Amino acid sequence: MSAVLEARGLRKTFANGVRAVDGVDLDIHEGETLGLVGESGCGKSTTGRIVLRLTDPDAGQLRFEGRDLLGTRGGALRRLRARLQIVPQDPRTSLNPRLTAGEAVAFNLRAHGWRQPRRGERVRELFARVGLAPAHLASYPHELSGGQAQRVAIARALATEPRLVVCDEAVSALDKSVQAEVLNLLTRIQAQAGVSYLFISHDLTVVEHVADRVAVMYLGRVVETGPSAAVMAEPLHPYTQALFNSLPGHGRGRVHAQGEPPSPRNPPSGCHFRTRCPRAVPRCAEAAPPLVEVQPGHRAACVHHPAMTPATANGGTP
Amino acid sequence: MSTKVSVGLVAAVCLLALAVPLLHLQNPTIGSLGQRLLPPGSPGHLLGTDGQGRDLLSRLLWGLRPSLLSGLLPVAVAALAGGTLGLVAGLTTHWVHDVVMRTLDVFYAFPAVLLAIAIAAALGSGLSNAVIALSIILVPPIARVAETEAARLRSADFMLAARASGASWPAIVVRQVLPNAAPGIVVYCSSLIGLSIIYAAGLSFLGLGIAPPAAELGLMVNDLRQFIFNDPLLLLEPAALILVVAVLFNVAGDSLRGLLDHRMEVT
Amino acid sequence: MAHPALTVEDLQVSFRVAGEEVPVVRGVSFSVEAGRTLVIVGESGSGKSVTARSILRLHGRNATLDGAIRLGDTELLGLDERRMNELRGARVALIPQDATGALDPLRRVGSQISEVLRHHGRAPSRAGGLAQAIELLRRVHIADPDRVAASYPHQLSGGMRQRIAIAIAISCGPRVLIADEPTTALDVTVQAQILDLLSELQERLDMALVMVTHDVGVAEQMADEVAVMYAGRVVELGPVDIVLGSPAHPYTAALLAAQPRPDVPRGALRPIPGVPPLPSRLAVGCAFAPRCDRRAAECDEVEPGLERSAARVLVACHRPIAMERTA
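Protein chains in written order, with the numbering used here: chain A, 2 to 319; chain B, 17 to 283; chain C, 50 to 376.
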C-alpha cells in the first residue's frame, strides 16, 4: 500500500507563543482512514491545516502522492488542491450563506476548469451520490438541516475527485442520529472511490468506529499510534488510557489524567503529559520519549513502553 | 418613512437633476441687473433673484446637478478604491494588512473637512478637483468597513473550504467574499452620500469647488450670504435644498440598512 | 411520606414567536427525591433545556408556563418574581452549559461568589463572603483557591470555570440542582472530573440532581432514573438500566442504536430516518410516528399518553417494545 501522505517532524508555533504542533509524524495510506484524536489544544486541527497547506509549518516535511507538498506553490499548488480537500466542522458555517448549495459545489468545479454543461451534470451527480434531492440545489444553507448541510460540504469536497479528504470534526456538531447518517455516507464513499480520510475528532467513540488507524495527540505531539482495534483494545500510553477511562459510561479503569492541561505556551519539559500522569517518574522530565514500535504497527511515546526487540516481537520476554 | 418612499424620493431628485436641461428654465449664469434681489413670489421669478439678477429657481435646479455629482461620484470612486483596499487588507494577515491599515490611519488622523480643503486647495479649484479631494477623504472610512467585513469572513469555515478548493484569489474574493461583504459596504456608502454633498457645498462655499458664474448650491450660499440681513429668505433657499437632499439620502440609506439587516437576520 | 425534592406535573411551555404560540414543552411530568439523579436525555429541539430552565422560571416575557412545579411543597408557578428570586440560588440552583457566559468577565471570581452569598443572606460582610467563597472553591477541588478567587474568569481554563459555576450553584445549599449540559463544552478528561465532582457533591449535600444532556454515555454514568424526551414530551421514564438496557420506546431504541459502538461494523450505523418535527408544525398523533419502524394506524390518529408498561417504567407509545424475558 503506497502512502498517499507522509508527514515528518511537523512543527508550528503561533505568533502568540503557542506551540501548537511540536514534532508530528503521520502516514496515510491509500483508501484508509487515519483518525487523529485528542482534546482541545492538542494541535490536531493545526496539523490538519498544515496537511492542507492552509497553514505553513515552521519545520518539517510533507509529501503528498510522493511529491514534496511544502515545495509546491502557486498554480501547481492550486491544481493539486483538487485532490486534497476538506470537510469542516460546523455545518452552519462550512457553507457560504450567500451561495446556494449547488453554487457552493460548482465553485470548486469552476476552480478547476469545469464548464457548462458538464459542470451542472457533475453537480447533480454529486448530489445524488450524497443522497440529496435535486430540489436542494437551489437551497440556501439556512434552509438546510445540519445533516443536509454537511452532505453538501461532502459533495463539495468530492467534486474534484480527491485522494485525501481532511474531515475536521466533520460530525462533531451533529446530533448522534444524524452523525450516524453522515458517518455511513463517508464509509460508503470510501468504499466506492478509494479516497483516504484524515479524520480529526475529539470524540473517541466516533474515531474508534470509523478509523483504520489512530494517532493520539497531546499538547502538540503524537503519543500513540497504531491500528484502531489494537489501540482501543490495549492502549499503551497513559494519556490514551486516561482518555478511555474518561468516557462516560465506559467503565472506570485506574488511570486518570489529574489536574488541568498545562499551557501550550509553556509545555512541561521532557514528556508533556508527565504533570498529569499517574505513572510519571523522574526520567520523564529529562527528554521527550520517542515514538517507538512497542508491538508490530503499534507505537507509543512513553518510557514505560520500550521499543520491541526481536525477542519481544515474537512474544517472548526481554 | 418606508423604504419605498425614501428611495423613491431620492430617485425623483436624481431624475429631476438629469432632466434640468430639458426644462425651459431661465439662464442661470446671466442675469439682468435691473432685476436684482427680487423676493420669492415675484412675477416671472418664483423663488426670487440673486445679487446679479439671476433667477434663483433656475440656479437652484442647475446647481443641483454638480452638487449631486459631487455627492455620488466621490462615494462611488471611494467605494471602489476603499472597498478593494479594505477587502484585500482584511483577507490577509501579514505585512500587507498592516501597511494598508496604518497608511489609512495616517489619513484618518486628519479631520476630514480640513484634509479635503487642503487637497482641493493644493489641486486648484474646479469640480473635478473637488471630486478628487472628496474621494480621497472618503477612502479611509470605507476601507475600514470593508476590512472589518473581510476580517469577519476570513476565519469562517467556508473560507477555509474556499481556500482549499484551489480557486484563484480573485475568484474567491469575487464569488465568496463579495456577496457577503457587499451589503454592509453598500449600506455604509449610502450614508456617506449626504455627507459628501455637504462637504462639496462647503468646498464651493470656500471657493475651492466649481467656479462662478456656474450654479452650485454651496457657491450660491456664499453669494447670498452678504444679503443675510436684508433678504434672508434668498440665502435660505440653497441652504435648505442642501439640507433636504442630504437628509433624503441619509434616510434612504438608513431604510436600506434596515431592509438588509432584516434579510441577514433571516439568513 | 415527605414530598419529593422536586415535582413537575404536566408542564407546558410555549413561546410567542411572530404572533404564533409555539408549544415547545407539551406536558412533562417527573419527580426527583433528595439524593437521587434524574437525567433528561434528548437531541436538539426536544425541549429538554427549556424544561430545565422552566424549573427556575428563567424564561422571558414571551413564554407561557402551565402545569405545576413544586420544590418540596412550595408551588413555583404562581409565585411573584420577588419570592422566586429568593428561591433561585438558595433552594434551587442552575449549573449552566457554558460557564464562560455565566460569569461576569469584569469581576474577580471571589467577589462574584461572595455576591451570591450576600444576596441570599449567607454572609454578613464582604470579608466574610470572600472567606466562604474560598472555602467553596476548596470544596470543588480547586487547588490554590486563594489565587483563583483573586483571578478574573478569562484567566482560568474552561474546566476551572465550570467548577466555579458549580461552587456558585451549591453556595447556598440548594435542595435541587439543575445541570444544563454541564460538560458539553468541556474536554473528555475534564468532563470526567466534573461528573465525578457532581456525584460527590450530590451525595455529600443530599441534593436532588436533574441533569440535561444529549450524551447517552453521561446518562449511563450519572443517572438513577432517565427521562427520554422527544418533540416536547417525555416518551420514556424509568430506572437507567432498564430504560437504556431494554428500551421500551422505539425512539429510545433508535437513539441507542445510532451510537457508534466498536461492535457495529463500519457503514452499518443505524441513523434515525427523517428529521424531528418543528414545534410549530406538529401533526395529530404521535410525534415520532413518521420516523418509527413500528408505526401503526392508531399512531397517526391519537397521541399516546405516558403509561406504566413494566414494573417501574413509563412509556408513551401504542406499541412499546416488550422487554426481553430471560427464559
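Derived by calculation from the structure, the hints in this document are not laboratory data.
No experiment lies behind these values; they were computed from the predicted model shown.
One or more of the hints may lead you astray.
[As the list claims (entries may be wrong)] If you want a taste of the chain B side facing chain A, the calculated C-beta under 8 Å gives, among others:
# : residue
1 : H113
2 : D114
3 : Q192
[What the hints assert, rightly or not] Per label pair, the in silico range of CB-to-CB distance:
#  : chain 1 : residue 1 : chain 2 : residue 2 : range
4  : A       : P307      : C       : A180      : 34 to 42 Å
5  : A       : T56       : C       : D59       : 51 to 59 Å
6  : A       : A60       : C       : S200      : 48 to 56 Å
7  : C       : D153      : B       : S144      : 39 to 47 Å
8  : C       : G109      : B       : I244      : 53 to 61 Å
9  : A       : H30       : C       : E350      : 49 to 57 Å
10 : B       : S144      : A       : R74       : 37 to 45 Å
11 : A       : R125      : C       : V333      : 53 to 61 Å
12 : A       : A288      : C       : S248      : 35 to 43 Å
13 : C       : A117      : B       : V190      : 55 to 63 Å
14 : C       : G294      : A       : P279      : 28 to 36 Å
Cβ coordinates follow ideal geometry from the N, Cα and C atoms, glycine included.
Hint-by-hint comparison with the structure:
Using the Cβ-Cβ criterion of 8 Å, the hint placing B/H113 at the interface with chain A is not satisfied: the shortest such distance is roughly 13 Å. With 8 Å as the threshold, the beta carbon of B/D114 stays out of range of chain A, its nearest partner Cβ sitting at about 13 Å, so the hint is violated. At a threshold of 8 Å, the smallest CB-CB gap from B/Q192 to chain A is about 6 Å, leaving the interface hint in force. Separation of A/P307 from C/A180 is about 51 Å and departs from the stated range, judged on CB atoms against 34 to 42 Å.
Range check, A/T56 to C/D59: about 54 Å between beta-carbon atoms, so the 51 to 59 Å window is met. Taking the beta carbon of each, A/A60 and C/S200 are about 35 Å apart, not inside 48 to 56 Å as hinted. Distance hint for C/D153 and B/S144: a CB-CB separation of about 56 Å, inconsistent with the stated range 39 to 47 Å. At about 56 Å, the beta-carbon gap between C/G109 and B/I244 stays in the expected band of 53 to 61 Å.
Between A/H30 and C/E350 the beta carbons are some 55 Å apart, a value that agrees with the proposed interval 49 to 57 Å. A beta carbon spacing of about 44 Å between B/S144 and A/R74 agrees with the range 37 to 45 Å that was offered as a hint. Separation of A/R125 from C/V333 is about 37 Å and departs from the stated range, judged on CB atoms against 53 to 61 Å. For A/A288 and C/S248, the hinted distance range of 35 to 43 Å is satisfied, since their beta carbons lie about 39 Å from each other.
At roughly 59 Å, the beta-carbon separation of C/A117 and B/V190 lies within the given 55 to 63 Å, and the hint holds. For the pair C/G294 and A/P279, the supplied restraint of 28 to 36 Å holds, since their beta-carbon distance comes to about 32 Å.
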